[in-house]
Amino acid sequence: MTLQIIVCVKAVPDPAQAGRIRIDPATRTLTRADVPLAFNPLDRNALEAALQIKEKSGARITVLSMGPSGAESIVRECLSLGADHGILLSDRAFAGADAYATSFTLARGIENIGKYDLILCGMASSDGATEWVGPQIASFLGIPAATQVEELTQADSQTLIVRSGMENGYRLMEIKLPALLTATRKLNRPRALSFSGIIKARKKQIVQWGLQDLGLAEDQVGQAASPTVVSAMTTRTARRQVEFIEGSIEEKAEILVQRLAQAGLI
Amino acid sequence: MIDFTFTEEQEMFRKAAREFAENQVAPRVAEMEAAGKVSEAVVRALAEAEMMALTVPEPFGGLGLGYTARMIALEEISRISVATAMMLQVFALGIEPILKFGSEAQKQKYLPDLASGKRLATTAVTEATGGSDPTGIRTSYRKDGDDYIINGRKCFITNSHIADTLTILAKDENDPKAFSAFILEKGMPGFKATHEENKVGMRGCNTGELAFEDVRVSKEQLLFTEGKGLRVTMAAIGDVGRGGMVGCALGVQAACLEASVKFSRERILYGKPISQLPTIQSKLAEMKIDLEAGRLLAYRACAIQDKGQPSSNEFAVAKYFTTEAAQKAAKMAVDIHGGYGCMQEYAVSRYLRDAFVLGPSAGTSDIMKVIIARWVLS
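Note that the protein sequences, when read in sequence, are chains B and H. Each residue of the first sequence is one higher than the one before, counting from 204 in the numbering used here. Each residue of the second sequence is one higher than the one before, counting from 7 in the numbering used here.
Hints are supplied without guarantee of correctness; some may be wrong.
[Claimed, not checked] Sample of chain B residues lacking proximity to chain H, with all beta carbon distances greater than 12 Å (derived):
#	residue
1	Arg235
2	Glu258
3	Ser283
4	Asn315
5	Ser360
6	Gly368
7	Arg374
8	Asn391
9	Gly400
10	Ile402
11	Arg405
12	Leu414
13	Gln423
14	Ala427
15	Ile448
16	Gly450
[Claimed, not checked] Computed footprint of chain B on chain H; a stretch qualifies when at least three of its residues, placed anywhere within it, have a C-beta under 8 Å from a C-beta of chain B:
#	segment
17	15 to 26
18	66 to 76
[What the hints assert, rightly or not] Residues from chain B that face chain H, not an exhaustive set, calculated with beta carbons under 8 Å:
#	residue
19	Ser293
20	Asp294
21	Ala395
22	Ser399
23	Lys403
Keep in mind the hints are simulated off the structure, nothing from the lab. Glycine included, every Cβ here is placed at the ideal spot set by N, Cα and C.
My request is simple: use the sequences and hints to build the entire structure.
Below is the structure:
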């Protein structure tokens, strides 16, 4: 039987243009309207893992995203990279969702898709960076989750061997499907977009689902269903400072090591 | 209503080309600059990324994407490496005569391998005695039964030493007004690539001379009708060759502006970034105006070309404007960088050298004016 893989992806403000992101002091949220959307970098590793499974043993890959209609271009990019089908959860009611409400809505989207064997997410988004969405989706669906995955092999059609990173080591796990994994940068090297892939994606469909399609009420989604309270948000300004270290080579090296240690860099 | 926006798909082509240029070409720029040679790894990467297939129709193994997509790819690759974009643009220039004028058998024989990058292409017209005026060439052919015997030399030919399939222009030994185009293949007896140029810019692309000494080719190598060679080669050079140079120039313009914005924000003078100085802002604004205007000229000409209409005059205007603008932008970028602009560690010094090679390639600005004047007076 063909493995059914769902890859959750997020359209984030282009990290290359992070300097243009502003903070709305009233809502304490990020104003992203002026910044073009980009494919969340770690989600690209998640998609690559799915594509490699598809190439090795066959799979059908559905890409799922929640976001404004502009996020469709990111789903289209996934189709160009080799995913088979795209679904965008988009509704004004979803706006302002925190990680909890986002996970809940995505989980409902996954239930709406129906059968799945494996769900892949990036470990974190480059804008929110909570690392909560993946495990929370698994929790809502009642399936096992492995986070920070660095290596992935298929033991058999229903079992994966997963190596996950930890601060001072790693965890080696056998995980029964259906399951959810969150991908790290170490998991693989994402493939490049190709012109022929973009052409092939012309024939692939993207479906858009709103609140009613998911059978949800307005108070179950978006800001209304977000328990996270952001108490403050500030912009940090980076300042450059130059210090000339005097002395012999040995003295200079000693002082340099001290300075780097004081700054927490070594 | 005229829609000046790119489609979502075209934006994705741009993204794909940018990622390719930044990941596959950028790491090899220093090596190409130092060696003054084509990087085989870059050629392989271009082939794997299907860059030679853009303008080749699908039945011949290409992508059939046309000339707007080609312009997007060239602009993005040139932004990282003008040399690589130049090499790529001339692959298409070599493919075009076969695509437009080749017999079915010639298309079947050559296009699939040229699209996949298994074979590399160029077109050779220029000689010491004629380039922009191709009637001045001396390379000649004579009939010998069903074969043709070709003698002569070509110079300043891009991809001269790496091309496997070459469209060349020669004149009838017995009728100096009759020109014919032939498809030559690397390794044909009597045909060889000789001197390789050492250029000041575009160092990662190959330019050199070709020599033909009694090269015998069968009638199957004649491209289109005997005596109609000027039409074959000039159509390719006028649309695809000039168009390609426009893509290369736009990439230089964009790269100069990006480097100047970045440097002017970081360089502190009088206690503030130099980007706040009116004189610097004026330069940045001029670069942006030229880039926007150049893109309008370029993509309008591509739109005409994609409709299958003659676009060589529109590309003459775009070629004149963008290559002049690229040279101007490179000079301003070096000026903004001050002393750093003269150092090889800073890419703007390369942009300046590359920008000056854009001028004569596919016809100087003066020649573009001749063509444009002929257009308005016709």
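Quick rundown of the hints versus the structure:
no. : hint     : result
1   : Arg235   : holds, 18 Å
2   : Glu258   : holds, 16 Å
3   : Ser283   : violated, 6 Å
4   : Asn315   : holds, 25 Å
5   : Ser360   : holds, 32 Å
6   : Gly368   : holds, 24 Å
7   : Arg374   : holds, 31 Å
8   : Asn391   : holds, 15 Å
9   : Gly400   : violated, 8 Å
10  : Ile402   : violated, 6 Å
11  : Arg405   : violated, 7 Å
12  : Leu414   : holds, 25 Å
13  : Gln423   : holds, 32 Å
14  : Ala427   : holds, 32 Å
15  : Ile448   : holds, 21 Å
16  : Gly450   : holds, 27 Å
17  : 15 to 26 : holds (count 8)
18  : 66 to 76 : holds (count 3)
19  : Ser293   : violated, 16 Å
20  : Asp294   : violated, 21 Å
21  : Ala395   : holds, 5 Å
22  : Ser399   : holds, 6 Å
23  : Lys403   : violated, 11 Å
Comparing the model with each earlier hint shows violations of hints 3, 9, 10, 11, 19, 20 and 23; every other hint is respected.
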